[in-house]
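Please model the entire structure based on the sequences and the hints provided.
Keeping their order, the protein sequence lines are chains A and B. Counting from 1, position 242 in the first sequence corresponds to residue 242 in our numbering; the numbering is continuous, with no gaps. Counting from 1, position 341 in the second sequence corresponds to residue 1341 in our numbering; the numbering is continuous, with no gaps.
To be clear, the hints were calculated from the coordinates, so they are not data collected in a lab. All the given hints hold, so there is nothing to weed out.
Label pairs and their in silico Cβ distance ranges:
id, chain 1, residue 1, chain 2, residue 2, range
1, A, 105, B, 1120, 44 to 50 Å
2, A, 426, B, 1230, 38 to 44 Å
3, B, 1145, A, 418, 53 to 59 Å
4, A, 105, B, 1312, 51 to 57 Å
5, B, 1023, A, 47, 25 to 31 Å
Glycine is no exception: its CB is placed at the ideal position from the N, C-alpha and C atoms.
Protein chains: 2
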Amino acid sequence: MISWSAHPLGLPPRSPEMVAVPGAKRVIEVSAFVAAPLAGMTLAGMGCDVLRVDPPGGGLDFCRWPVTAAGESIFWAGLNRGKRSVIVDFRRDEGRELVAGMVAVDGPEGGIFLTNLGAAGALRHDRLCKLRSDVVSVQVEGYPDGRSAVDYTIAASTGIPMVTGPEGHLGPVNSPLPTWDIATGLNAVIGAQEALRRRDATGAGALVRIALSDVARGILASLGFADEGRLAAEPRSRDGNYLYGAFGRDFLLADGSRVMIVAITLKQWRSLVSALGMAEDVAELERSGRIDLDREGDRFRSRREIAALIEPWCAARGCPEVAAALDAHGALWSPYGSAADFVGSPTGAAPGGARPDDPPVGGPAEVQRGAAAEGGLVHDVGLAYRLDGEASRPLGTAPTLGQDTESVLSELLGLSQHEIGRLHDEGLVEGPALGAGVGNV
Amino acid sequence: MISWSAHPLGLPPRSPEMVAVPGAKRVIEVSAFVAAPLAGMTLAGMGCDVLRVDPPGGGLDFCRWPVTAAGESIFWAGLNRGKRSVIVDFRRDEGRELVAGMVAVDGPEGGIFLTNLGAAGALRHDRLCKLRSDVVSVQVEGYPDGRSAVDYTIAASTGIPMVTGPEGHLGPVNSPLPTWDIATGLNAVIGAQEALRRRDATGAGALVRIALSDVARGILASLGFADEGRLAAEPRSRDGNYLYGAFGRDFLLADGSRVMIVAITLKQWRSLVSALGMAEDVAELERSGRIDLDREGDRFRSRREIAALIEPWCAARGCPEVAAALDAHGALWSPYGSAADFVGSPTGAAPGGARPDDPPVGGPAEVQRGAAAEGGLVHDVGLAYRLDGEASRPLGTAPTLGQDTESVLSELLGLSQHEIGRLHDEGLVEGPALGAGVGNV
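Put into structure tokens, the structure is as follows:
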């Protein structure tokens, strides 16, 4: 009938984790990049049936780096775990109407739309509400007035890049970690949960809007970044790796490795002083400087003098010796490591060095490793929160692009093979490319 | 009877925002620093009645920097907005029993405990469940095996500091932004919502545990950081402010200001090319390098050559001219700015420069500015998600430490003035310090 429907066995089998919980909410996701896909992935981990809808050839992030040698996106494989994949060309009116139909399907599990780019035409919230009055639309955007932004541009606005990096460095130091995207995706989940709770109680739908800029503004205000310039006696400045307002910094060890050592609380400070046996030096610092290093502010003001006491101690020791001494006194520290080692160890690689043989201790499961691109494997770490001490279940693999188009059109929308064939011939829907998945990189 | 109860009028009036919604859930929070207080603050913004419990003199974060000249914490004032404050010495057995009593008070609104440091003795989840079977305990921790960690030590483990900062820099570059704390606090809210949804449906309580390390591992796995070293053809390296996998970087303008310019999608790239009128130069680059800059990977590989085209254009123009040209073509960019300017402008300071007179457009409200320390004011930006287009309500002021001790003991626990006086004389509970609030910094 339609070429791709003849090859269902060519697809990888669905992992059991991807079979949604009976009665689970169904989320139609039209998204790209980080925030909205992260929200959808989190909802999938909570048991929702998440249908990611992409245009033919894949969405804007289908080839986002990192990519394999064959050009398949490791990024996409990570953020779309646990979802189903449907190809509909939502850039066309008829495609949006088809997706709107998926959102509006009857039943308490339906009526949920998540997007950062598709709220137009038939997918506008007011239009969706004409099809189904209790729709919950979750819209991720750049600014609250609808202007575009991405994590990189929001981050530039926050002032954080001007207080990151080595003292004396000129210009901004950007972070490769998209904090605002992450926080926006999690806020979208919180907003969705709240709207669904309200819908369960009252029957009312909701339009939930979350702007990257609002997320950033709220967090900057909460943590003091917004007001310290105006109110603080000694506001933060670019200060290398010293932590602000107490004591903490990285130190180089004899074996070339590095550790982060932290003393924010009085207990952490006293543990550090006893681990290094530096009580007399500290007392001398206090006498000569007329300061009290039990006070976190004095530790911050004397951070360079304190660091000068720690540097030679660290420079004379390798990581195992440093680890033993600091752990024996309960000091707070961690070695610097790699993402691969850290993610690969359920209890974290630190302190005490890598522990590759650690058994899982109820942390996110990763027994299941999903098939990424080209037979590669990406780590499948489950949700971070654990209910009742259970390890959170893995999310499962990311879908092959378009693998669920036919089943969704037929089972969810009740379309016949003939109707599906017509939509396919019009280029409006597509199944999985045969033997492909390699995009334009 | 007890000294401080005679001075209720000395306290600042409660703002209307701090009066909880009738029937709102009551959360007992025993916490310090970022993740758990951020979770409590978010729940307060959602309408919960959040009682933050601190020991006499204030918790571990009561003096956390930034602080005013008088030593009052701007940080504390930000993260405890919208909460009530109760002083109970939960470091002692009797104090923990008192707090456990608050958690276990009857009624559908009660039975919720949020902590990152108090789950001991009578406040262990199993002990709480003996007082009330449906308690929901939300426990934020460092590692899933219970070992301590803070954002600074987790960040060291992630590998991110080794790919942050100028090319050629040796050693880690830490971020001052506590991404893992932020993501953990938001995950704690998600876990709490999920557990409360389940309790509403089934009557069952829950122990919800969230470790900073699990949050970080999950996000690193989702975004590709965990697997790119193993699977990617060209994994990320320390590369200054170039964004990875497409085109983006900061540029210096003629007036000394800086902008971040981004071209991840094809549309963003074409907008940039036309805004700068550099189509011919780009075509020449493509011919000579046998590349196709419509492909994001080729833009990344040619990032230095592309930047060399943009640098002189930016260096010859001030911000207004750059803004006009980029905006006219719909290119994606933002000026670098300060946290104060960004938070102070409801639509964000960018693009197009600061817009201090912008009216609110449904973003987080900040009409309400809370009283911080010493008569200062901290910005009161509400929650990031907006339901039905309404501006989210401000969170209100942070409480004076201990201002609600007496009312909570009498109204929630039904203690008599005589009993409260006895607890006070034993040093187990305390009201607000008179005219004080200045801690040990």
